[in-house]
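Work out the full structure: start from the sequences and follow the hints.
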Amino acid sequence: MMAEQQVQFKVLRYKQGQASPTFQTFNLTVNEDTTVLVALQDIRRDQDPTLILRHSCHHASCGTCGMKINGQEQLSCVVKALDLGTQTVMVEPLDNLPLISDLVVDMNGFYDRYTTPEMMYLRESEFLTEADLPEGIEKWLRFENCVECGCCVSACPIAGSDAEYLGPAALAAAWRVVAEPRESNPQEALEWVDNEHGCWRCHAAFECSEVCPSDVDPAGAIMSLRGELTRRKFRRLFGRR
Amino acid sequence: MQEAGSMPDTVRPKRPLKSWFDVRHRKVGTWAFALNRLTGIGLSLYLIIHLVILSLLLQGEQGWNDFVTLVKSPFFLTLDVILLFGFLFHGLNGVRVGLVGMGIGVDNQRTLFWVLMAVGIVLLLAGAWLIFTL
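Just so you know, the sequences run in chain order L and S.
Number 241 marks the last residue of the first sequence (this note's numbering); no jumps.
Number 1134 marks the last residue of the second sequence (this note's numbering); no jumps.
In case anyone wonders, no lab produced these hints; they're calculated from the structure.
You may find that some hints are simply not true.
Derived CB-CB ranges, DEER-like [to be verified]: (1) L/Thr86 - S/Pro1074: 41 to 49 Å; (2) S/Trp1114 - L/Glu188: 34 to 42 Å; (3) S/Trp1114 - L/Thr25: 33 to 41 Å.
The C-beta atom is built at its ideal place from N, Cα and C for all residues, glycine as well.
In structure tokens, the structure reads:
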């Protein structure tokens, strides 16, 4: 018989029109396999159907259930409530992204970063008319580890103060373009990040890499972008391209 | 350039101070980031105070001597040690940020931080000893 335990879930609640968010506490019996996501779904089903949250795959692939659990950005589908070791589990939406309702933030601006013309992976693969797409797939998607959960943006202290900062995820994706250009010219991506709201805005807190659930290491990618830009600037300085 | 969201967050407007200095549940990099900002502010303030104090020289020898007597008190010597801490932390963490920014030691930035802090502690202890004994 699986051990069960009563846990308090202190969940941030917010609905449109409300002056400010509040916390609501739910008591729930969980077992050692209960993830925070399943607990929240149980709360929604049995206690409060107005609780709003995002989720999809339940196995850390889709990146939709990113949230702050006991103050740390994590994918709620792979965090077991009892493993946290606390009687009360604090659940909050991601920081640095506009709050829509309860645990749901507006990810549009986050996703928009990936669809700029400079991110040529997406541009070329989406619009290449001669591309032979596999059956049932409407367009190519980037093939990379990032699950676009937004945890890195939430944890970044700079994203909390500079609304125009491109953010760790987009910069990591830009580095993928530079590191693996696939016969394209990475210059556009480099120019896109080479400004005060791009890779130079990062102040090396490395928190994005600490919280990344897919080991993308956005901070390392940002430092690689800086290194590449510095090398190119030096080469230009000495007349080499 | 668009904001990191399709609409401004009126419910949770950006709070830079909280974002920079709320280090709860964060790892060493964020602690270093926050302390770097604090020491940076502190060193900037010190520079202003330092220039103001140097203007005491305009009041002649007696004014300066009185000031020197005052700052030799244990309280002011302790402030000197705090100032030295600020210099060392800001400078050594700056070395780490500069190195990783050039792609050096990125994968070992945590180790790099602690090695530099170990150097800083040795220098701080030596400096404190000199401040209180010379």
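Each hint, compared with the structure:
1. Checking the proposed 41 to 49 Å range against L/Thr86 and S/Pro1074 shows it holds: the Cβ atoms sit about 44 Å from each other.
2. Between S/Trp1114 and L/Glu188 the C-beta distance comes to about 39 Å, which sits within the given range of 34 to 42 Å.
3. In this structure, S/Trp1114 and L/Thr25 meet the distance hint of 33 to 41 Å, their C-beta atoms being roughly 39 Å apart.
Checked against the numbered hints listed earlier, the structure breaks none of them; every hint is satisfied.
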